[in-house]
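Enquirer: As a plain string of letters, each chain reads:
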Amino acid sequence: MYPARFEYFAPSSVDEALSVLERYGDEAKVLAGGQSLIPLMKLRFASPRALVDLNGIDGLDELYEDNGMLNIGALVRHKACERSDLLRKRYGVLADAAPQISDPIVRNRGTVAGSLAHADPQGDWGSALLAGGGQVQVRGSDGTRTISLDDFFLGPFTTALEPTEIVTWVQVPEPGPRSGGAYFKLERKVGDFATVAVGVHVSFSNGKVERAGIALTGVGPRNLRAESAEQALAGHELDDEAIGEAARLAAQAAEPRDDARGSAEYKRNVVRVFTERGLRKAAERREKQ
Amino acid sequence: MAATEEIRGVGHSVKRLEDARFIRGKGNYFDDIALPGMLHLEFLRSPFAHARIKSIDASRAEALPGVVAVVTGELLAQHSLAWMPTLSGDTQAVLATDKVRFQGQEVAAVIAETVYIAKDAVELIEVDYEPLQAITSPQQALAEGAPVIRDEKEGQQDNHIYHWEAGDKEATDKAFAAADQVVELDTFYPRCHPAPLECCGCVADVNPATGKATIYMTSQAPHAHRTLFALVAGLPEHKIRIISPDLGGGFGNKVPIYPGYVVATAASLLIGRPVKWVEDRTGNLISTGFARDYHMHGELALKGDRIAGLRVKLLSDNGAFFSDAQPTICKAGLFHIVTGSYDIPAAHVETDGAYTNKAPGGVAYRCSFRVTEASYLIERLVQTAAYEIGADPAEFRQSNFIKPEQFPYKSATGFEYDSGDYGAAMDMALEKLGYEDLRREQAEARKEGKLIGIGLASFTEVVGAGHGAEYKIAGLRMNDGAELRIHPTGKAVLKLSVKAQGQGHETTFAQIVAEELGLQPEDVEVQEGDTDHTPYGLGTYASRSTPVSGAAAAMVSRRIRAKAKKIAAHLLEASEDDLEWKDGRFSVKGAPEKSTTIQDIAFAAYTNVPEGMEDGLEGVYYYDPPNMTYPFGTYAVAVQIDRGTGAWKVKRVVAVDDCGVRINPMIVEGQIMGGLTEGFAIAAMELIDFDEDGNCIGANFMDYLLPTSWETPSFELGETVTPSPHHPLGAKGVGESATVGSPAAFVNAVVDALAHAGVRNFEMPVTSDKVWAALNEVGLAE
Amino acid sequence: MTETATEQAVYTKQLNVTVNGQARSAAIETRLLLVHFLRETLGLTGTHIGCDTTSCGACTVLVDGTPLKSCTCFAVQTEGSEITTVEGLAPAGGLHPVQEGFHEEHGLQCGFCTPGMMLTATALLAENPNPSETEIRWALSGNICRCTGYQNIVKAVQYAAAKMREGS
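Residue numbers (my numbering), protein chains in the order written: chain A, 1 to 289; chain B, 290 to 1071; chain C, 1072 to 1239.
Calculated from the structure, these hints are not laboratory results. Hints may contain errors.
To give a feel for the contact side, a few chain A residues facing chain B, derived at Cβ under 10 Å [said to hold, decoys possible]:
#1 Pro3
#2 Leu43
#3 Phe193
#4 Val273
All C-beta atoms in this analysis are idealised placements derived from N, C-alpha and C, irrespective of residue type, glycine included.
Here chain A stands alone, though its shape is the one from the complex:
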């Protein structure tokens, strides 16, 4: 309940933030929403020497589409995504995921980028954005680089981010004129992490699946893409048979473990059920466009 001491920095620009990170290296932590970091600090599972608070930096809280990309700034809160008409209309997988993260008060504060950087295998944004084919813009003192989310999550709470780098933008390619997506999450109660969740994001052309993104939460050491399931759908119509097969393959791709939320067998089955339900919903939403 009582964190250890730390030096506090509230920079007014990303450059300033980066120079603090350069100085402290892995003894500093970036603070955005703080809804994952501060709980760890209170229990003293994390005791960084320095905290770099990004909340005073202008221009990081924009959410917009431009040039074929959806851009989510580093300080965009879960709540902004929950309220976004843009996401609701065109990015169903993100619009579904947003309101199911944690609880409504935490969502006022927590950020999408922070969630990705935290890389909890039970985190929802990781899967939703993997399904969307997302990537992150990362800034260090020697410039900016782009990391595909496929290469970003390395393991539980481990990412490709250096301690001296900051995620500045999360980006998702525009899904095209015919698309649909959904995020199904099973949680024991509001505020719990996912027992199992599945995000799907499908682009269509000529009535067939052009690209399918299917990603899984809580059934592996990190958010997982069900690639064989995705590939099985590509080029096909999204009919019952294709959906059933993709669901079966997605279940196979999961790497669940027995724990308090259920057996591995149980979770694998929920992956199958949710993939099916997600794909049906995606098809429905395409119809409504």
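Position chains B and C relative to chain A; hints supplied.
Expert: Just chains B and C now, kept in the frame of chain A:
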């Protein structure tokens, strides 16, 4: 004086008088108290479930600026305070000395200028542990060759605590021998925790000049705690003042005496400054009085559709110290009420308790002294029996109910039920639910592959402990007092020995005085919790406040009314026999204009009493209940199961309660809804679990799950009223009824959805994975 | 282990913030949680602490009108903000409709969750003056209550909503 307006006594839903401070954020909870010079206490807790302590090095902690002292078991032992007696006649470590016996056990305490510094210092204490094998179940504890957990107790050779029996074994065996059919159920009531939103804690202020110890403490039983403090700490009892301020919930969690209270008091005494201990949620869940953890095997002997006998074998996991707060004659609380609402001629209960490497406790969480366990078992058994003999679960219950003409009813385990009409409550519940229609809907839905379940529970429970000769805790009789004083201007103060933690005593008990004396509730200030200023009693838990202190309040009011009548006779120059009483006024029979109000009488009590009469208008009454009271009801729950995930959703909850006369119906309904929510939580999600090393899983709110407004269903409430014949107001108490009766209703509902496929049982918490496993097994998974 | 004054200073900061309409300023440790700043430094004990995993919402306050769990925020992060605690809900000498609603509808028992619950409800009604039961339950799902079973809390919020729509 006031015109005749209706007196808002019994039966009125008076808006709560205590709300005024809470809605303004001006409640006075113990952590809101700051005293000059106050220090802060933080515990170092054991990471191991079972380990020998080889050494403790607190030197780095002691050297941290702002640290005043580090207290260890060794230091306490010098003052004979390292161990303390429990309410069940055992001893409990205050701070570990030889061994730690559960994960989270208190090992050392830092006293510092700020709580942040105290926490910093805790991190600097080094303890050298030698881990030992952890015992994590009572079966393991009682197995041959198990390490002895309480090896410090002289004569303790194993982990067995007690053996206890109730009922008639011979008669029961006979009934089973003659049975047509025997229905069995093996089930486990899992470890859960009352988890009030406010954790435990205290501010201990031992005044070095006067020697008086004022302890602000989260206590549901401040007087009993004061006496125990006097006995344990060797402080003279008149020099101990316990003030239980506003409590943020209790549910039985604030009945035991915890190490924090003792260490804070000892530290304050030794240092000469106030010491505050604020427990954090992890400390609360990992070390304070948990609930249940009860292995139950039940059998019903059936003759046709009638229950001829009930046999129960129990095994209790009591944790590392036997500290159950229950009447001392009972080792299993009032579990032997297990015959419930049914006319069962023969019953026998056998129970054993075992030590394990877990936190101590067992009797808590709105359990009415283990009635939660008993009610769960009988309602699950009865439901199972109905399926086994192909009877409708409602009809089977009804044909076995104790009938109204059988009251007062002597049960096979020795209880005398005061009053009841179980059929009426059941009928009302079924009607409100639309039972017949719902059964039809269930059958239709099944054809479409939809799974609906209807669960019932018809509980009878026993509260209001209790008759002084029978019911004692730590030797103290369970009688409770009420002290009432009317001021000259017709306002009153009522001092009680009980202590609310949200139950609305300041309103309900004022209404009792209103009923008896005609003062409006706003004219009665109710005081509780300060042992210097309130009469003696055993406190609030096990739904005893209304049955015991409520009765005391009524009786003392009647004593005062008797004196008021004499004063009225004097004022009206009439004979007492010619006076009649109505709504706070004595009038001469046949001459209603000759009357005097209670307010006039109160003034006269200080200005104009009859010759020879003592001044004042006050009294104190200690109530000795002649019997327990027996609230009852029927709960009906409808659920639907998701065949793909096993998740179940509650569609309807109908709750018909009979708690006798309802003093404040609004408050009664609030208690019921709160209890139904806890029952739902226990059935659906609450669990404190341990791995094989004794690591506690469920020591924070991420692992110990409480339902939010989103999961919690809506409730449809109904009532029947069967007054208690022996209670002055006919009231029975209701605080725990819903927590007692509802878990079985929820579980029965989920079972009912799959009973047609042969499913008979789910173990709590009934999580979605368990339901899915059953669906999968019977071929009903999506 | 001693520290020089310069070393100490790195861990403290002067915080300037408006609380319930009043400008407040204090030198505090950077690690001081907002809830402790409110309770201990400012003596506003109406905001409560119920857990240690950001799970219960008893500590909810409004920061610039938005609900925040004050146990999961460092006080220094609120520099320049306007904080509303339960003590700042009522207009002088009166009651906020939300407070009235909780009283009228028996939406509280022990009172411990009530400040946080009322502030979340106030923020909900500012955004959605006529919420459905579902919307109320959804908005309050970050605030745990152990006593009431939530049903009367929903009624309390509906009472307040009706009163506020009336314009009184």
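Enquirer: Taking 10 Å as the limit, does the beta-carbon of Val273/A come near enough to a beta-carbon in chain B?
Expert: Since chain B brings a Cβ to about 4 Å from Val273/A, closer than 10 Å, the hint holds.
Enquirer: Holds or violated: is there a CB of chain B closer than 10 Å to the CB of Leu43/A?
Expert: holds, 8 Å
Enquirer: For the hint on Phe193/A, just tell me whether its beta-carbon gets within less than 10 Å of chain B.
Expert: It holds, given that the least Cβ distance between Phe193/A and chain B is near 8 Å, below 10 Å.
Enquirer: Go through the hint on Pro3/A and say holds or violated, using the shortest Cβ distance to chain B against 10 Å.
Expert: Nearest chain B Cβ about 8 Å off; hint holds.
Going through the hint list in order, the structure satisfies each hint without exception.
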